[in-house]
Amino acid sequence: MTLILNRRQALAVGAGAIVVLGGTAGPAFAKNDSDDIIKKFTGNATPQQGRVKLDLPEIAENGNTVPMTISVESPMTAQSHVTDVLVVADGNPRAGVATFHFSPASGAAEANTRIRLATSQNIIAVAKMNDGSFFTASKAVKVTIGGCGG
Amino acid sequence: MAVPRIKLDKKEAKKGDLVEVKALVAHIMESGQRKDASGAVIPRKILNKFTCTVNGKEVFSADFEPAVAANPYIQFKFRAQESGAVVLTWTDDDGSKIVGEEKITVS
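Residue numbers (this note's numbering), protein chains in the order written: chain A, 5 to 154; chain B, 466 to 572.
No wet-lab data here; the hints were simulated from the structure.
Glycine included, C-beta positions come from ideal geometry on N, C-alpha and C.
Careful, some of the hints might be misleading.
[Claimed, not checked] According to the in silico footprint, chain B covers these stretches of chain A (three or more CB under 8 Å from chain B): (1) 51-61; (2) 101-113.
[Unchecked claim] Listed next, the in silico DSSO-like pairs over lysine-lysine satisfying Cα-Cα at most 30 Å (straight line): (3) B:Lys487 to A:Lys146; (4) A:Lys57 to B:Lys514; (5) B:Lys562 to B:Lys475; (6) A:Lys57 to B:Lys487; (7) A:Lys44 to B:Lys479; (8) B:Lys514 to B:Lys500; (9) A:Lys35 to B:Lys500; (10) A:Lys146 to B:Lys500; (11) B:Lys510 to A:Lys146; (12) A:Lys143 to B:Lys472; (13) B:Lys510 to A:Lys143; (14) B:Lys562 to A:Lys44; (15) B:Lys487 to B:Lys514; (16) B:Lys510 to B:Lys562; (17) B:Lys514 to A:Lys146; (18) B:Lys514 to B:Lys568; (19) B:Lys510 to A:Lys43; (20) B:Lys479 to A:Lys35; (21) A:Lys57 to B:Lys476; (22) B:Lys522 to A:Lys35; (23) A:Lys57 to B:Lys500; (24) B:Lys514 to A:Lys143; (25) B:Lys514 to A:Lys35; (26) B:Lys476 to B:Lys522; (27) B:Lys514 to A:Lys44; (28) B:Lys514 to B:Lys480; (29) A:Lys35 to B:Lys510; (30) B:Lys514 to A:Lys43; (31) B:Lys472 to B:Lys522; (32) A:Lys57 to B:Lys475; (33) B:Lys472 to B:Lys514; (34) B:Lys522 to A:Lys44.
Chain B extracted, bound-state conformation (with noise of 0.2 Å):
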């Protein structure tokens, strides 16, 4: 699976300060309206779901539809309350996952 690109744009924050959070994956995100050269239509296979936790703690989560571009980037912010793992996860129509991890020192 691929391996997703994950830039904090910081890795210390003080308590209570904003952290933006840039992601790239790398998913062909077939939309499903596509025909292949005989003409069946080629199954939709999209990153439908997106979430982003620190510690466990859901801080922001999107819902994709097949109008979102192949390799899918995600830029959002998160409030910084405590260190930890910075957990990015998509999961995929067949059910797949792909997860990508980052650390954050919260002082």
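Bound conformation, chain A alone (with noise of 0.2 Å):
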């Protein structure tokens, strides 16, 4: 019983750091240079909303591997195809996340990768598509351990 009592407690500690933690930097939501890297991908055009898929954790307990899977919705075919994909964090010491680069014979505009979250963030994908259209997806991430050493 006491052995319980004692995890329980522990556990109380710990879920308090968390809570104190995310307090400090949750809202703070630093902005890093996620803006300039998407303007640079778009030269300047605002993506639209839609077509984009960006599935991840709403919360994630280890920022040091977060999973992240994106999708974009396109038949892949020569007239018409995704042909980049930039991914940027805004809560990260450095915005950039990873580009993927499609082609007809990609098949689908798919791809699924483990990234590290320094703290609470937007993560933001953009997608070229060939006709030089910009679609754009975001989702916020909760991250209890950051990642990237701090």
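Hints in hand, dock the two standalone chains.
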């Protein structure tokens, strides 16, 4: 019984620490150069919402490895396909995460990888189509333990 | 150098089928943001480029930034067109390459 109590106490202390961390790092949402990187990618064009799907957990317990899936609706034919997808994170020390390059040979504009997130922040994906249009989606992720070795 | 682990969801495909590739490679992906005990910045060392070719034709590639996690995992698809070698290449900051290969049979 005492063991269980101790564990609970330990858990309570742990949870408290997370709340404190969240309180300091969460709402700040410090902006980095993510906007500039997106502007450079789109050539100052404003991307439209939609077609891009960004799949990340709502809450990432460990910011060192957060699974991320991007997919873009497209027939992926020679006439109409996705050429590049840029992914940025607006709260990391450096905004760039990855850029994926597709072609009709890819068959599907889908990729999955694991990323590092320093703190709670927004992940933004911007897809470039072969006709020069841009589509975007973003997702907020809460991070309890930051990556990047902080 | 590390040997990448590569898995195709099918080794034999019909022409036009989508083939899913999953690959994992051991690499520290040092971000260049961390400091050692003495406070000196540990220099960046990551795999910054990944490409996949089938019979020498590129089907998918990616540029990685330090925000990609250690031991990078990548999953993507390609459309089966012809039998041949599926070659995955990761390029390190120091210019070295990690290469893995699988075979695909297309009927």
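Worksheet item: Is Lys476 (chain B) close enough to Lys522 (chain B), meaning Cα to Cα at most 30 Å?
Response: 18 Å, holds
Item to complete: Would you mind confirming whether the straight-line C-alpha gap from Lys514 (chain B) to Lys43 (chain A) stays at or under 30 Å?
Response: 22 Å, holds
Worksheet entry | Hinted pair Lys514 (chain B) and Lys480 (chain B), Cα distance within 30 Å | Holds, because 28 Å separates the two Cα atoms, which is no more than 30 Å.
Worksheet entry | Lys514 (chain B) paired with Lys568 (chain B) [C-alpha distance capped at 30 Å] | Holds, because 22 Å separates the two Cα atoms, which is no more than 30 Å.
Discussion item. For Lys146 (chain A) and Lys500 (chain B), compute the direct alpha-carbon distance and say whether it is at most 30 Å.
Written reply: Holds, at roughly 25 Å.
Worksheet item: Is the Cα-Cα distance between Lys510 (chain B) and Lys43 (chain A) 30 Å or less?
Response: 27 Å, holds
Worksheet item: CA of Lys57 (chain A) to CA of Lys476 (chain B), is that 30 Å or under?
Response: 28 Å, holds
Discussion item. Holds or violated: Lys143 (chain A) and Lys472 (chain B), Cα atoms, limit 30 Å.
Written reply: 29 Å, holds
Worksheet item: Does the region 101-113 of chain A contain three or more residues whose Cβ lies closer than 8 Å to a Cβ of chain B?
Response: With 12 residues close enough to chain B, the hint holds.
Worksheet item: Lys35 (chain A) and Lys510 (chain B): Cα distance at most 30 Å?
Response: 25 Å, holds
Worksheet item: Going straight from one Cα to the other, do Lys562 (chain B) and Lys475 (chain B) come out at no more than 30 Å?
Response: 26 Å, holds
Worksheet item: Under the criterion that the straight-line Cα-Cα distance not exceed 30 Å, is the pair Lys510 (chain B), Lys146 (chain A) satisfied?
Response: Holds: Lys510 (chain B) and Lys146 (chain A) sit about 27 Å apart, inside 30 Å.
Going through the hint list in order, the structure does not satisfy hints 1, 7, 20, 22, 23.
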